[in-house]
Structure formats: C-alpha cells, structure tokens
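Novice: Chain residues, written in single-letter form:
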Amino acid sequence: MFSFCSDPSTLDQLPWMACYLTTGKHMAFYTSFGTVLLLLAITAPVALLFGFGGAVASRSHIAPLRWFGKGYTSMVRGIPDIAFFLFVPIALDQGLELLRHKLRCPDWDMPVRQGNDFVVCDLAKLPLSNAPQWVHEGYGFTTAILAFAIVFGAFAANVIQGAMTAVPRAQMETAEAYGMSRRQSFWRILVPQMWVYALPGLSNLWQILVKATPLLFLLGVEDIVYWARELGGSKTSAFTYPHPDWRLYYFLFLLVFYLALTQVSEMAFARLTRKLSRGQATAAGEALRKASA
Amino acid sequence: MSCWQTIQDYGLRSLGIGERLLPRSDITLCEQFTLIGSGMIWNVYFGVLALSAGFFFAVALALGKASARVWVRKPCEWFIFVLRGSPLFIQFFLAYETLTLLPRAGLELPLGFFTLTIETSWVTRAWAGALLVLFLNTSAYSAEIFHGALKSIPKGETEAADAYGMAGWTKFRRITFPTMLRLGWPGYTNEAIFLFHATALVFFSSFPAWRQQGDALYYASYFADRTFNPFIPYPIFAGYFILLTLIVILIFGHINRRLNRHLAPTARSKLTFKPQMVR
Chain Y
1 MFSFCSDPST LDQLPWMACY LTTGKHMAFY TSFGTVLLLL AITAPVALLF GFGGAVASRS
61 HIAPLRWFGK GYTSMVRGIP DIAFFLFVPI ALDQGLELLR HKLRCPDWDM PVRQGNDFVV
121 CDLAKLPLSN APQWVHEGYG FTTAILAFAI VFGAFAANVI QGAMTAVPRA QMETAEAYGM
181 SRRQSFWRIL VPQMWVYALP GLSNLWQILV KATPLLFLLG VEDIVYWARE LGGSKTSAFT
241 YPHPDWRLYY FLFLLVFYLA LTQVSEMAFA RLTRKLSRGQ ATAAGEALRK ASA
Chain D
1 MSCWQTIQDY GLRSLGIGER LLPRSDITLC EQFTLIGSGM IWNVYFGVLA LSAGFFFAVA
61 LALGKASARV WVRKPCEWFI FVLRGSPLFI QFFLAYETLT LLPRAGLELP LGFFTLTIET
121 SWVTRAWAGA LLVLFLNTSA YSAEIFHGAL KSIPKGETEA ADAYGMAGWT KFRRITFPTM
181 LRLGWPGYTN EAIFLFHATA LVFFSSFPAW RQQGDALYYA SYFADRTFNP FIPYPIFAGY
241 FILLTLIVIL IFGHINRRLN RHLAPTARSK LTFKPQMVR
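Residue numbers (the UniProt record's numbering), protein chains in the order written: chain Y, 1 to 293; chain D, 1 to 279.
Hints are computed from structural coordinates only; laboratory data are not their basis. Wrong hints could be hidden among the right ones.
[What the hints assert, rightly or not] In silico DSBU-like links for lysine-lysine, alpha-carbon gap of 30 Å or less:
id, chain 1, residue 1, chain 2, residue 2
1, Y, K102, Y, K125
2, D, K151, Y, K290
3, Y, K275, D, K151
4, D, K155, D, K171
5, Y, K290, D, K155
In isolation and in its complexed conformation, chain Y is listed as follows (with noise of 0.2 Å):
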C-alpha cells in the first residue's frame, strides 16, 4: 500500500503497522462492516413490512389468518430468536429445493429423503453447483436476511399490535359516525396515526436488530465477527500468521463499533421522536409547545 511497505528495515517500528493495517485481508474485514450496514438497510423496512401484515393478520375477521397471525406475533416470546437463525435458511433452503426438483425433475422415482440424505437432482440444486462464487455467497446473505426479517418482522409485529390499541377508541368511533367502512377506518385513521405510539417499540427494536448483526457469522456469512477472528488469531484455518493472538484487540475494535452505533441511532431516534411530537396530544407534544411558547 506504501511505499516503505517493500523496506523490511521498517519491520519493528511503528509506520509498519500501517502496512499491516491495509493489508488485502484487512481490507476486506473493512467491507464486511458494510455487509453488517447492508443487512440492517435491507432487514429494517422488510421486517417493518412483516410485522406490519403480522399485526393485520392478527385483527383479521378471517379466523385462519387471525391464528396464523397470532401465532406468528407469539412464537418470539418463547422461542429464542436464535433458534430461528439455525432453522429458517436450512428449512428455507430444503423447501426451495424441494420445490425445484418436483418441477424440474418430475420423473425421478428415489425419495427425497434418504435415511440422513435430503437428495435432489442436480437440476434443482440451489443455487447450482456450477454457479460462481458470487451466486453462492449471494444466495447465503439472502437466506440470512429472510431469517433476520421473519424473526424481527414477529417483534414488530408485536409493536404495531400494541401501537394499534393505543390510538385512542375516539378517533374511531368518530370515523364510524362519519360513515367510513372499516377499511377507510383503518387507512385513514388507525395507520397513520399509530406511528408515534409505535416509535419508542420499533426504535427499540433497532437496537435489538443491531445487536443481533454478529449472529450473521453464524449463518455462514463472512462478516466483520468472522474477520475478527481470521486476522486476530496467529493461527487460523487457512494460515499461520507470525503475530501472536490479537484478537481481543480485533473484538475490542468491534465493541467500539457496536457502542457507536447504538449511541449514534438512539441519538437519531430522539430527534426523530421529538419531530414526530410536535403538534401531538401527548405530553411529549404539550412539553414542545411550552417550550416553544
């Protein structure tokens, strides 16, 4: 990267670790931070879209939707969520394939499960084993989000429920007296006007889903946790490094990004509720007036 990089007399001294910092490797430990940005910018408005229709389901007249719904709304509460970062990209996975293969491959006569095989023809293989390397780790990243978004989605789902009740029983009956059906009702009255209730849950629940970012390393996603350990430890899996281990150095360095994080989007949550406030009848909104008064 410099130019004294190719010196090894600079080796013990201090401009070293500059080399060391822009090493190949270091720089892609410094784009996985971006696949962590990338997670939470796609999860956030699809698990608010998951837990949006969750909450729907669960008010639905239709009684099937209405247990499905509220089925989905409670299994966060006694299930730890990362049970279902192990189970929904392997069921996933095996459900597409499955798919796959009675459409792809219609005349094959073995089982699909064979004793502790799950065996598909190689048509239906996903993504296909002939695939490049990009496809493959694509494929792994999209299952990973499906997963953060149906386990988030059931949280929030939670939230809008919550915040749907809260929107004071007033404003509906007073939409009734105006002679709107119960779909106006609710589009016009309920769903903008639970947003400010939903606030302090959903921002709640981003700093659980930013929290829950390092788990990615679980699902086999090569992110910042899974650098950390590559480049701190003096032996990894593909190489022997000649510094001893550093990786609480490595982890220190992810505790520090974690804590800004949470710091800077609960700093942005507070300006937003207080925008959202203003001109509301809560207290929140009656502070603001005084103050401006």
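Knowing the structure of chain Y, use the given hints to seat chain D on it.
Specialist: What follows is chain D alone, placed relative to chain Y:
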C-alpha cells in the same frame, strides 16, 4: 433399544453422565427428545444462577446510578452503557479471549513464606466463563429497569416515610426497595425471559462444548446436522423453551401478585410482553 433405556443412557449426557458417544445413525425421536431435554439442564443452570446473582448486583448498580456522588454514579453509568450498548455475542467473544490470556498453568502469588497458586484453567470453561458474562449482562439490563423504577417512585411515598421519621436503611428497606421492585417487576419479568433465551447462545459463541456437553440448542443443531432434517430437532427445542418460558411467567407472576397485594385491584400492574430486553 427401548425409549426407557435411551433416557437412562442420555438423560444426563449434558453433565457427562451416561453413554459417552452421541447417537450417530438411525437417530430415533426418543433420542432427540432425551438429549435436547438433557441439554436444557445447562439452559436452566445458566439462567437461574445468572438471574439470582445478577438481581443483587443490579439493585446495587441501580442505586449507584441514582447516586448524587459523581465517583459512584459515573462507573455505574459506564458499566450499564457498555454492556447494554454492545451485542452479547461480542461480549462472549471478548470475555473468552481475555480469559484465555490468563496463564494456563495458573497465577502464582508470592506471599512471603509460600507461593499461592490460583488455578485459572477453569474460567475458560463455559460453566464459569459464560456464566460470568451472563451475570454481568443481566445485571446491566436489570439495573436499567430498576433505575427507571427508582426514578418513578411517587414522591408522596418517600415524603410520607420522611414524615414518619424513617431514614437511611429503614426507609430503603420499608419504602424505596419494595416500591422499586413493584414498579420494575413487569420489566424485570421480560428481562428474565430473554435472559433464558440468551442462554441458548452460549455454545454458539466462543465457549467450546467440552466433551460434547452442550445445551439444548447445541444438541438440536447436532441432530439437524446429522439427519439433515431441521423439522424435528428445532421444534422439539422450541417446545422445551415454550415450557420454560411458561414456568418463568408463572413464577414471576406469583411474585408480582405478592408485590401488588396491598393495592386496589384496578391499580395493580400487570405483566405484559415488551421485547425490550433482547440482547
């Protein structure tokens, strides 16, 4: 092999008692139920010990954070900030790396006449190291809950205590502590539930499962890898955890009723689910 035989072989496998080899082929449903259930011993162990020790530390931290003295308040605030602001997963890694840096042979303390050797190898094992992390973690989260409760104690109650001439320890024991506990209890129940959930993370972070003695999720994922069929072990695991969560809610609900027993029924606080405390 009958199911009863399997239970005898693997029922306490997570503690190292019974059959040494895990089932490899022709895995039966009974074996899955038994081994995953056996792993639950560790989940309960981590959860119960971390919660019961963390409770006292959390109360101390909450009082420290509410203290008027800066040199008491600042360390408590920083402790809570660091442990609540960072992922538990990273904390596990960090603790493990720190603990492995301790000399393997043990610390030697020269005490004049003789040398005291402190064994340190055991702290890198999950039962001690992970328990320490979970204890510190739950202390920080619970301290934040109790601190919030402490701040929302009605002014009238402390004023009434002052009027009765109570001060210091008496006032804390009779007024401040019970009220804080009552106000913070619903939040603390959630914290307890999610601490139990967090125990499933132990063997997936850096702490290795010694001699394949792991928790429920460790065995569940072992079976999922072996049979390549996630649809049986994970639902079993989920069933065990729903049961555990129900037991936690039952116990904490009893305590909640006891804490609220002097209030009018309408003024009592109910336990509600709020996913605030996930790590």
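Novice: For K151(D) and K290(Y), compute the direct alpha-carbon distance and say whether it is at most 30 Å.
Specialist: Answer holds: K151(D) to K290(Y) is near 23 Å, not above 30 Å.
Novice: Holds or violated: K102(Y) and K125(Y), Cα atoms, limit 30 Å.
Specialist: Since the Cα atoms of K102(Y) and K125(Y) sit roughly 12 Å apart, the hinted pair holds (cutoff 30 Å).
Novice: Taking 30 Å as the top limit, are the C-alpha atoms of K275(Y) and K151(D) close enough?
Specialist: Roughly 26 Å separates the two Cα atoms, so the pair holds.
Novice: Do the alpha carbons of K290(Y) and K155(D) lie within 30 Å of each other, as the hint requires?
Specialist: holds (24 Å)
Novice: Below or equal to 30 Å on CA atoms is what counts here, so check K155(D) against K171(D).
Specialist: holds (13 Å)
Every hint from the earlier list agrees with this structure, and none is contradicted.
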